[in-house]
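Residue numbers (this note's numbering), protein chains in the order written: chain A, 1 to 192; chain B, 193 to 491; chain C, 492 to 1158.
Everything labelled a hint here was simulated from the structure, so no lab data went into it.
It is possible that some hints are incorrect.
Dumping the calculated SDA-like pairs for lysine to any residue here, alpha-carbon to alpha-carbon at most 25 Å [as the list claims (entries may be wrong)]:
#, chain 1, residue 1, chain 2, residue 2
1, C, 912, A, 144
2, A, 114, B, 242
3, C, 877, C, 941
Since this is a predicted model, take the numbers as computed values, not measurements.
For reference, the chains in residue letters:
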Amino acid sequence: MLKREVVYESVLDHDFLDEIYSLPGGQEIKKCIQCGTCSGSCPQGAVMDYAPRKIFSLIRAGFRDEVLESNTIWYCSSCYTCAVRCPKEIKITDVMYALKRIAIKEGKAKKGRKAAILSNNFVRLVNKYGRNHETELMTRYILFAEPHHAFNFIPQGWKLFSNGRLPIMPHKIKNIDQLRKILKKVDELGEI
Amino acid sequence: MKYTYYPGCSVKATANLYQESIDSVTPLLGIELEELEDWNCCGATAYMSVRELMSFAISARNLALAEKHHRDIVTPCSACYLVLKKTNQYFADYPNLRKKLGQALEAGGLSYSGNTRVRHILNVIVNDVGMEKIAGLVKKKLKGLNVAPYYGCQIVRPHYYGCGADEENIDDPDNPVSMDRLIEATGATCVKYSMKTKCCGSSLMGTEEKQAMKLCMEILADAESNGAHCIVTICPLCQMNLDVYQSKVNRLFGTKFNIPVIYFTQLIGLALDRPAKELGLGRLAVKMTRPMKQILQGA
Amino acid sequence: MSERIGVYVCHCGTNIAGKVDIDEVVEFAKGLDDVTLVREYKFMCSDPGQSLIQKDIEDGLINRVVVASCSPLMHEKTFRNVCTRGGLNEYLFTMANIREQCSWVHVDVERTTDKAKDLIEAAVRRTRLQEPLTKREVPINPRTLVIGGGIAGIQAALDLADAGKNVVLVEKEPSIGGHMAKFDKTFPTLDCSACILTPKMVSVGQHENIELMSWSEVEDVGGYVGNFNVTVRKKARYVDVDLCNGCGACWEKCPGTRVPRKGNVHEKLSLGPVTSIFIPFMQAVPAIPVIDAETCIRFKNGKCGICAEVCERNAIKYDMEDELVEFEVGNIILATGFQPFDPAQIGNYGYGIFDNVLTAVEFEIMNCASGNTGGNILMADGTEPKSIGIVHCVGSRDKNYNEYCSRVCCMYALKYAHLIKEKIDAEVYDFYIDMRCFGKGYEEFYDRLLGEDVRFVRGKVAEVTEVHLEEAERGKLVVKVEDTLVGSIRRIPLDMVVLCTGLEAHETLPAVANLCNVSIGKDGFVIEKHPKLGPVATATDGVFIAGACQSPKDIPDTVAQASAASSAVLSMITREKIEIESATAEVNEDKCSGCKICNTLCPYLAIKYDEEKGVSVVNEALCKGCGTCVAGCPSNAISAKHFQNNQILAEIEGILRSSSGQAGILA
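Turn these sequences into a full structure, and let the hints guide you.
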């Protein structure tokens, strides 16, 4: 959270705005007029450290760590309500994705620890099988993120299992090699 | 009417009841779905949170595989729908990204020119089959059944990726009506309520469970107070949230919701008088209620 | 008595009928003395409603009219016209306001109905005593005086002159052009200010229908609408206008200076020469210099004379004197414009203390290609700034200075941000409270600037200081501000700070307004006739306003208002004559003691003392019938037509002795 002290220009990161701006989907970010439509529309606005509007003011002013360490980006549920209502057509949800990626990459995702575990395991499964395997994903997530609360997940798991909605075995795509070649190439090319 | 079918991971697992109802009704509607060979996961919201280009790359593999068939790719999952649409849009909008995706696909022996049109199965049924035909096929008018249409978020948003839009039909991101019309075609009553496109919090259910359940509670409460016997949805993630977590919502908020949450294809199946088992209705966590069954029997 | 009064009660839909029992009121009115007929109708102001009255008059059924409906402000004119059309003198008509003063403001139906009865009885009693008055007309002089030669005055003068009407344009500076002549670019289109202004200035200078009096001031205004007598002081120029050809030899050689020396690059932030004999800028119209006697060495100690020596045409005349010119016009357009707020009043912004804190006008001139920096943005030491702060709302939206919004600062601030980004490699910080971009293309301009890497900080700057608290602030101006969008207090080190000073009414306005008898509001600007429906007229007939003398305005709004004012004048001129108020005051010369109290009381300057007769006389063309003199006269010598004492007393009696039984409802 923001510290209550005078902020000197020398501590602010004025390249942060351009960093986001240069990403695909970030082009409109400079046009933000701080109207607050996004914050008012966001179903999670009230529980975020900073609602989306303020995230944009912080990015503009160069408060890099405050943004990346906030819980805001992890509360975004990708519902795109803010994005379709934004009067300046800022792709807000895509900006949130970008912030998540930077936070995970730089180890600043403390408040998104669980989300990062979930996402990383999702990526691991997709890379392994070519598809998501919900049963394994939930097992891994519980194991790594919430081992002490495992019992919390039992009732819903049972509801799925007993109704035949939770397959035990994963499905691996036939041409997994092709997918891996594609992913390897992306690694070589580097992210965008 | 033949389409390339992209079911998505959920429909093959936790949403297998969706698949069963699709299998049951699409032939009757004259829709032929040919599953995309060896498709892979679209990446959903989680992949995009970790690696952007990779996420687009795995999504593009599906589009590239589908392009060979020169047919629309149809998916029943809102998340898959959004991701595939978004991939197409980014592919068109950002030359640098297009170039890199091309190189990545090439490494896998594939190529993509950006011409695979992505559609949601709701769009296909509403526009390609059409209300008149469906109304004509209805064997059992669902008269007296109050149905709350729940669109969720990603099928109608964001419009700049072309979501909610189809050639004949552009659905409003805040007040879509295509499923409303479908409900009316089955003879059921479409419940008017304000939460029909509000987020159910699916992507938060694992990590920020309380917040996600609060969103579910608000949707269920609004549907119930407007007299809904059941909620009808089009997305595997929404269905799981509202159905499987309903008892947990009740425990957390002290509510007594008992509202079945079914897929729109299951509703069509009921109107076409298909047996409940064939439609996968037995797999619901919240089973069909007595009043609902009575209405269906009386219909 | 042979009076036959017709009473017409209006329902006004449910506006009146919803709260007043119409049937009861009608029955009541029928019982009043001299009332011969009573009618009610849904909308008396409608065509059928008006026809009812007209027909009754034409049929000879009535010879006086009372309409009980809305406020006279709404429809007095309508019903007066009905009387005239029916052949009845319009002053035999009275309106009873049973809507705004009755049905709209009371709740209880019974008591509201009683009050309506009272108001009607009062009107009936008054009407009985009213006298017919005759309408009078005065001719209108087709010539117009325009005061102020900025873009407002230029536009108004050109519109009138192009319509073939004669205009006298009076400008107190040596050249017309006003503030617009000092600008480099204009927002939001960024077209060159001089390029769009100078053709108009030249047109003014050359127009056969415009008499341009520059370096002149209006000294006196007398008379009234259609017939004003104006006296203008043509200040001594010390240069013969007929001989001078504007060659410039004089100001090139002049050793005097009008601008105090600062000893740095910012010293001469002026467009024209800073010498004592000067033209204000190179495109001046007329391109004839003037000598500033305050700083001219010749006038101070008689020891110079260089200008006269170098002038090949012998145009320099040190013995010239001010000249008074008198003429008549029919209408006057005030276009005195604005002056920028002086930021030296705000100590915490450091203007006048720190070299690199500049006003908007200074920065404007610095950016102007014909300014002394050649359009280059430079600090006082001649180097290019690496960071510039632009501060909005300096002297505006602040009860310590001016409460109002100056309306143009946000946009010119954005223009500055753009110009800086275009010209030099500097960071620009823009400190604003609200970004007010209301005009055509303005929001789009803001959107454009948002994309130009300007660092927008929402918050009113608290102070500009040189105190440095860390190394990066050493040698810089530090702006302390709350970033209200982030919720943090920030310190931002800058090389230069530009203060976006607000607009104030020009210091010459109060005197000119006084001469023309128009009022000044508490914000210092002229009060218009109606803030919405009469924005170019004033309470004084024949005096119109254009541009920033009414309120801060941008160029498009100023030009629009100038054209509106000239079209209002044209409408007057085209009528050739103007009808003036018949309900004026008259002095009973037998009773008048000649005390002159009324002369000073009259807000319209309509009463003058007649020295020969020793009594005060009302000029009926100027009198608006307001009644101030009537109340003020210690000898009861003045009476107001249509507001005679007996008429007003009868009206009061009507309310107090009301037959309704509920006496005493006056409010």
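So, going through the hints one by one against the coordinates:
1. C:912 to A:144: Distance ~51 Å between residue 912 (chain C) and residue 144 (chain A) Cα, so the pair is violated.
2. A:114 to B:242: Roughly 13 Å separates the two Cα atoms, so the pair holds.
3. C:877 to C:941: Holds, at about 20 Å.
In this structure, only the earlier hint numbered 1 is contradicted, and the remaining ones agree with it.
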